[in-house]
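Colleague: Just so you know, the protein sequences line up as chains A and B, in that order.
Numbering of the first sequence is given in this note's numbering, commencing with residue -14 and proceeding in unit increments.
Numbering of the second sequence is given in this note's numbering, commencing with residue 58 and proceeding in unit increments.
The reader is advised that the hints may include incorrect statements.
Dumping the calculated EDC-like pairs for lysine to aspartate or glutamate here, alpha-carbon to alpha-carbon at most 16 Å [claimed, not checked]: (1) Lys87/A to Asp178/A; (2) Lys166/B to Glu(-13)/A; (3) Lys(-6)/A to Glu249/B; (4) Lys(-9)/A to Glu249/B.
Calculated from the structure, these hints are not laboratory results.
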Amino acid sequence: MEQSWKQAKAVFAGALGPPLFWLVLFFLVPLAIVWAYSFGQNDGLTDIAITGTWANYARAIEPLYLKIFIKSVWVAAITTGLCLVIGFPVALAITFASEKTKTWLLLLIMLPFWTNLLIRTYALIAVLRTEGYVNMGLEWLWNGMGGLAPLLGLAPIGEFQPLELLHNNFAVILGLIYVHLPFMVLPLYSALDRLDKSLLEASLDLGAGHMRTLFKVVVPLALPGIASGVLITFIPALGAYLTPDLLGGPDSQMIANVIERQFKRANDWPFGAAMSFLLMYLTFIAIALQAVLSRKKPEAK
Amino acid sequence: MAPKKKSGRSPPGPLEYLRRWQMQAWLAAVAIFLYAPLIALMAFSFNDSRRNIVWNGFTLKYYEKAFNNAGLIEAFGNSLTIAAVSTVVSVVLGAMVALALWRFRFPGKTALNGALALPIVVPEICMGVAMLVFFARVMPWPQGMVWPLNLGAIIIAHVSFSFPFVAVVVRARMTSFNREMEEAARDLGAGEWRTIRDVILPHMAPSLVAGALLAFTLSLDDFVITFFTAGPDTVTFPVKVYSMVRFSVTPEVNAASTILIVLTVILTAVALKLQGNSAATAGHGGDKS
Chain A
-14 MEQSWKQAKA VFAGALGPPL FWLVLFFLVP LAIVWAYSFG QNDGLTDIAI
36 TGTWANYARA IEPLYLKIFI KSVWVAAITT GLCLVIGFPV ALAITFASEK
86 TKTWLLLLIM LPFWTNLLIR TYALIAVLRT EGYVNMGLEW LWNGMGGLAP
136 LLGLAPIGEF QPLELLHNNF AVILGLIYVH LPFMVLPLYS ALDRLDKSLL
186 EASLDLGAGH MRTLFKVVVP LALPGIASGV LITFIPALGA YLTPDLLGGP
236 DSQMIANVIE RQFKRANDWP FGAAMSFLLM YLTFIAIALQ AVLSRKKPEA
286 K
Chain B
58 MAPKKKSGRS PPGPLEYLRR WQMQAWLAAV AIFLYAPLIA LMAFSFNDSR
108 RNIVWNGFTL KYYEKAFNNA GLIEAFGNSL TIAAVSTVVS VVLGAMVALA
158 LWRFRFPGKT ALNGALALPI VVPEICMGVA MLVFFARVMP WPQGMVWPLN
208 LGAIIIAHVS FSFPFVAVVV RARMTSFNRE MEEAARDLGA GEWRTIRDVI
258 LPHMAPSLVA GALLAFTLSL DDFVITFFTA GPDTVTFPVK VYSMVRFSVT
308 PEVNAASTIL IVLTVILTAV ALKLQGNSAA TAGHGGDKS
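Only chain B is shown next, with the shape it has when bound in the complex:
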């Protein structure tokens, strides 16, 4: 309980937990636990050995193989398309419902709040099963449609679980909106649409970016729900990797995974930067007007 070890400069302050060696050791252990498997996975994607365990030298041949694997590339394209379309739809729907809930009092609001929370809390497997049943029995998605359209069922399922998340993010942002601004805009003669476009949307903007990022990642990440909605010709990247992993651990999967990890990291970095900037500018805009 007494300070165990004094650092070179000064003993850690009572609340500077981060400067205690026990805490640093704990953090380091957690970081190793979280990152070692991923780093090993990435490192061994460059390993010139089929058995994948002993380092045999650097190679890019598994990347070549992954890129020449038509099924994998198609699955990757499918995943990105689904993520892009479902993000756009989710952001629009999420912003609309957030706007309605923020602005209006209406009967059944509590029920709607509850129903909107359902897709967030319902276990993925239950939702996947529901989607399977829905698209098998109620609204069969037409078979053999041309490329982006055959992904419709998966996109619909992804929007269903993503847009409530967007709504949560946007609503959190709208609590900081000063309603007087809206009234002022209306007093100054702006119509409904104009008020939404010029006053409310700019305030919403950072949360729309954050919501879009969330929706995109949720869609790209989803396996279980897609697994239940995907057909044989609508395979997404996680579903493809799943079928590859079930057979064996191969460097090719390592290579494909590495590409996705790097993509995710870049995407997150860009989004964080964008979000930081847009949050800052939105704040400035608000001050000036």
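With the rest of the complex left out, here is chain A:
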């Protein structure tokens, strides 16, 4: 079994020392400073006096910022929900595919995941913008239809108006789904893959339909996997910066955009620090919630 660290102090110190040092100095200390700043206030142009004030947190829950928090949670929740709906059948298909197909399908899901996030977001911009591929395709269809309309006795449909697909909430949610779908599919797949397939066969043999089997057998058994998929999708979606920044409009800002603005443009570090820590607390709440839920479920049965 595991050795007590006292039995080989030199090895223990040698193996743990450097990573621990790194983790503390280059991760925990910076976070602690941000945390301290969240209780501070700007003192002159560059100095921050840590006064123990709660004013930054009070400001963060003013209606203006509270609305952004609620909106971010909402957008992340919609994204997660849609990823689950889209991803579940995919995970199911991968689970029941033959070994060879399975590898290919997993690669199909993984490959965009390995591709740079910025490039994927940029690709979406090219698709959605006013002169993008979707609008071009629609215009072509529209003009085709325009020729048909008089034949069907309809009024001429007029000039094509490009759809406003970019710089709005729709684009942000679409972008978040696009980026986070693999995060959902992979944990779902690993949960479904561990299922005892004979249970499904039994359910089908006993006359339950596919839908009933899915909701009464597969979903309850895969619940821990679903919960972790939801969590793994929800957390990055909640803290997303790039997607709302590039695809969103002025009203689709999320928490991360507000934080960025405080640090890079408004130069109000204490307030930005308070916002960052509120975002972190939200993340921890989500994790705790998932831990509690996935611990309760087996007891309930």
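Once you've looked at the hints, dock chain B against the given chain A.
Modeller: This is chain B only, laid out in the frame that chain A set:
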């Protein structure tokens, strides 16, 4: 609910979901959703039209332009350098902490486990902000250093978020290690270092490769944290592309992106192949010894 359509050969078995047309349609739709934007991006990088939407014929001129864009090339070089250095450091640190956690019982182990999970779960923006504050106030990275050294701040930040991922991968691998082998090595007179080098490391090897691949991709992919640590003369590829994208959609960005996509695909393919082989050989080695 009843099988909707019978394929030519035989009706799909009850669990052969993949052979149902609904499922195939769903998969096809998801694949189009995931790939169409990327493929369009790559295709239009060869398009001889400034407006980028109507196909005007094949051209490589945007690749030429991208290659002649000194800023872009420098950013690309920076990204690869940062990724390479931070991967090496991350793999070493990740393997060390995984080894310590696997082998020892010590006070504060739970706390360390928690702290090690933090960089994985903390939102990127919070970590980026923390790095910005740290390098602005606590440990200002010296300005105007010679080339690879001026990337130090970014490399440090990248190691901080990569090595816990490596540790996770290595620890998962170490659960399959038979501790008796280590004891046997020690009984046979191998010292600590020898045991680690000849017994533990070979078992770890596949996970080190996987961890390295993960760290490299995480570093190459990172935008948010780099965005907060990068200075005006330490621009990485994603940061450069970001500033280009903010202005407009240009075929030049398409070309640069295509190069990176192709690079990523090649890298992933090589790594998968390597990992498969090394996993196989490591297994063999274990059987023989």
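Colleague: Return the numbers of the hints above that this structure violates; sort them in rising order.
Modeller: When the structure is compared with the hints, none of them turns out to be violated.
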